[in-house]
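With these hints in hand, go ahead and build the complete structure from the sequences.
Chain by chain, the residues run as shown.
Number of protein chains: 2
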Amino acid sequence: MSTITPVILCGGAGTRLWPLSRQSYPKQFSPLAGADSLFQASLTRLTGDGFAAPVVVTADQFRFIAVQQMHALGITPQAVLIEPTGRDTGPAVLAAALHLAQSDPDALMLVAPSDHVIPDAALFAQTVQAAVPAAQGGQIVAFGITPDRAETGYGYLELGGPLQDGAGIAPLIGFVEKPDAARAAAMLAEGRYLWNAGLFLFTVKDILVAYALHAPDMVEAVQTAVDDARHDLGFLRLAPDAWDRAPAISIDYAVMEQADNLSVAPYAGRWSDLGDWAAVWRETENDGLALSGPAYAIDCADTLLRSENDGQVIMGIGLQDIIAVAMPDAVLIAHKSRAQDVKQAVALLKAQGAGQADTFPKDHRPWGWFESLTIGDRFQVKRIVVHAGGALSLQSHHHRAEHWIVVQGTARVTCDGNVTLLTENESVYIPLGATHRLENPGKVPVVLIEAQTGSYLGEDDIIRYEDIYARD
Amino acid sequence: MSTITPVILCGGAGTRLWPLSRQSYPKQFSPLAGADSLFQASLTRLTGDGFAAPVVVTADQFRFIAVQQMHALGITPQAVLIEPTGRDTGPAVLAAALHLAQSDPDALMLVAPSDHVIPDAALFAQTVQAAVPAAQGGQIVAFGITPDRAETGYGYLELGGPLQDGAGIAPLIGFVEKPDAARAAAMLAEGRYLWNAGLFLFTVKDILVAYALHAPDMVEAVQTAVDDARHDLGFLRLAPDAWDRAPAISIDYAVMEQADNLSVAPYAGRWSDLGDWAAVWRETENDGLALSGPAYAIDCADTLLRSENDGQVIMGIGLQDIIAVAMPDAVLIAHKSRAQDVKQAVALLKAQGAGQADTFPKDHRPWGWFESLTIGDRFQVKRIVVHAGGALSLQSHHHRAEHWIVVQGTARVTCDGNVTLLTENESVYIPLGATHRLENPGKVPVVLIEAQTGSYLGEDDIIRYEDIYARD
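Protein chains in written order, with UniProt numbering: chain B, 1 to 472; chain H, 1 to 472.
Calculated directly from the structure, the hints in this document are not laboratory data. Beta carbons are placed, not taken as given, at the ideal position from N, Cα and C, and that holds for glycine. A couple of the hints might just be wrong.
If you want the ones that stay clear, here's a sample from chain B, every Cβ over 10 Å from chain H, calculated [to be verified]:
| hint | residue |
| --- | --- |
| 1 | Val67 |
| 2 | Ala101 |
| 3 | Ser292 |
| 4 | Asp302 |
| 5 | Ala334 |
| 6 | Ser337 |
| 7 | Gln344 |
| 8 | Ala354 |
| 9 | Gln408 |
| 10 | Glu424 |
FRET-style restraints, in silico, Cβ to Cβ [unchecked claim]:
| hint | chain 1 | residue 1 | chain 2 | residue 2 | range |
| --- | --- | --- | --- | --- | --- |
| 11 | B | Asp358 | H | Gly376 | 48 to 56 Å |
| 12 | H | Thr359 | B | Thr152 | 40 to 48 Å |
| 13 | H | Ser455 | B | Gln68 | 25 to 33 Å |
Residues from chain B that face chain H, not an exhaustive set, calculated with beta carbons under 10 Å [unchecked claim]:
| hint | residue |
| --- | --- |
| 14 | Phe379 |
| 15 | Lys443 |
| 16 | Gly454 |
See the structure below:
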């Protein structure tokens, strides 16, 4: 069995699964189908026999979420590359290849999105291993999903002839863009088109040759971004100036559509990109109903009802082909046929200045997370959770005082130079202007209630003096 | 102009407008159509020239809500009668009549539900005044609404012949129960049937005669309940043992359907009982859409989208004939044709043990209200608002300690005999077992954040030593 390095791309921030997926915490980090997040499920699928530790490519604002979710699974990545800005998959895959080339140009890399569902991990691993000889023989292998419907939402991979049951690697003739309904139906009938899942296997040296041939400009920019990358708390920050010279383009456009050493590995197992709520319904429905959380349906058919919060019930009555997703700060109700238009809804909310378009009430930080429980005139109450070993920056505020009450765990509090240990049921007052820091020196999370009072309570009223996470 | 005493019934707790209407805070106390609650709109409509101070009949658990909402309008009732248990409208109207008989048997009383919408208050008052001579002449006058559709959800009043435009009082021939669709259509075509709005005008002495004739058993029970009523902080608590002997029956069944001195006063203005969400949609829609709160609709038709919380957006896409009501703890989505089945949904939730079936996160008390902001393992955070002059009972807890932080106003805190004044940004710790009290001695509401810690955090861990509201 050959060892393959998974390259997992998790820098995207789609909005078609709003309100669950938002720019501040996109869908790959949420448990959309199962107990783990999609990113975690992807990692788990690509761990074990035949797989080396993964290379993860993500965006600056998701770096701590990604690390924390890997940590929860006990997975230590080979590297976490930080894209200074989103430039689509072309530069991301190239950066990973250039990084791997430093240690092993013959390494096999499997490029995988982090937000897809592939329930049969064993069959998938087997399919990947079966493609290794082709990749080692110089082929760029794309994995193609056997279609079971005339889907207009995906691109297609074209084979020379109809796919036989149990067929192995075949030459890839061409790519087909997202088709219209008639074309999709015709392709389904012809039987020689597979869905393009964005999953690719190749060796580092072969893909670098392909980039050099088909996207030489990108190579110069990304090579510099990798060479000048800054090591920062275990992250590899690609150099922003060089990176920004790389075009924003997918690997499909930049390389695949130009290359002539292409193969397809057919995958007959179940797969979904969970691209919209209709796809989530399709993947999770049982007898037509997809219920999640405290959700109840009376006489509903072909309907998805999700509550993303244990304390919020959702009740459907007499619904047909409805998607409803409830969160404490935002509720979506759409006809299933309009699932693609959720994007448009998010744009509308953004135009209205509604924070729910982008942001969750729960804000993830390197040290843990916080959420606002209530905001009033001149006061705000937050719940703050600090991971074991986490520490907020040493900071002060111009416009607010804070009361902290520890309700779980043990906190170390620094206030104007005095350090005290606070345990459950103890509290401390941080006067306006005081230099303070909150740390969790223990082994269990600290849960703290913070009541702020003052004339201005924005997150930007902060002066940072020291920060173990090297934030400004 | 004659002076009429409005008798406003607000003891009911309907569930067909769940999640907005729940047993703990039913629809009449919510602002369903307009800025004031339905109860407040009813009071306002029955205030001014021609109306005496109202008599309000309500249930024990709503007494402070009713008083507070009257107080907000500057209305002082003649009396607030507390029904020990709900016995429908028959005993409630009788109790009000017996109470009024003590001061003036000739008084005119207008019985009015508290949860209906009658936008044209002037036309309504004029219609009521026009019915006074008939009532003074010994008639029991029912107000009948000119129907504009074949409604199956209401009872009907039957006239001797088709109603003429601008017609006045006419003899009432009979009552028709809620009809089926065919019968409703036939009655609409015939033009001599009006909706029974549950609005009645009569003199105290005439209605007492009617009760004595047609419901003598009820008179004995209710007379005793009124005679033995206990005056309690401005409320008149009907005596529970006697009251419970009265049958649970509507005034329509108990008296009206037997009496022969009946008249109808036609009312041609707009009216709705807001009996279900379809009715709320009908009353509040504009171009087919009924939007309330931060609600957004993309390509929706004949749809109601309500958010009952400023911090919660609701977004509809491509919906037709959908009712959606969002609250932070419960979301309803129903086909409009199924609005009547919300009752069934509430029963289902109740059977599942979901607190949302009956109870709001916000809990109203005589001194103000509180809501739980977050509940965790061994801790809970509440926001507590104490009205000016309000005082919680002197109490202690076996299983929890409390931290209080004042974020608005000034609180007087008693803790084991020590009294301190706490103002904004000050906090106090109430140890487990300490006898304590919270009061608002000031002129503005006190807003307090309470963090509780302990092994058991239920509302029933309370020992009350003194209570200005005479609660146990």
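Outcome of the hint check:
{"no.": "1", "hint": "Val67", "result": "25 Å, holds"}
{"no.": "2", "hint": "Ala101", "result": "46 Å, holds"}
{"no.": "3", "hint": "Ser292", "result": "13 Å, holds"}
{"no.": "4", "hint": "Asp302", "result": "13 Å, holds"}
{"no.": "5", "hint": "Ala334", "result": "4 Å, violated"}
{"no.": "6", "hint": "Ser337", "result": "7 Å, violated"}
{"no.": "7", "hint": "Gln344", "result": "6 Å, violated"}
{"no.": "8", "hint": "Ala354", "result": "6 Å, violated"}
{"no.": "9", "hint": "Gln408", "result": "7 Å, violated"}
{"no.": "10", "hint": "Glu424", "result": "6 Å, violated"}
{"no.": "11", "hint": "B:Asp358 <-> H:Gly376: 48 to 56 Å", "result": "27 Å, violated"}
{"no.": "12", "hint": "H:Thr359 <-> B:Thr152: 40 to 48 Å", "result": "47 Å, holds"}
{"no.": "13", "hint": "H:Ser455 <-> B:Gln68: 25 to 33 Å", "result": "30 Å, holds"}
{"no.": "14", "hint": "Phe379", "result": "4 Å, holds"}
{"no.": "15", "hint": "Lys443", "result": "16 Å, violated"}
{"no.": "16", "hint": "Gly454", "result": "8 Å, holds"}
Hint violations for this structure: numbers 5, 6, 7, 8, 9, 10, 11 and 15, all remaining hints satisfied.
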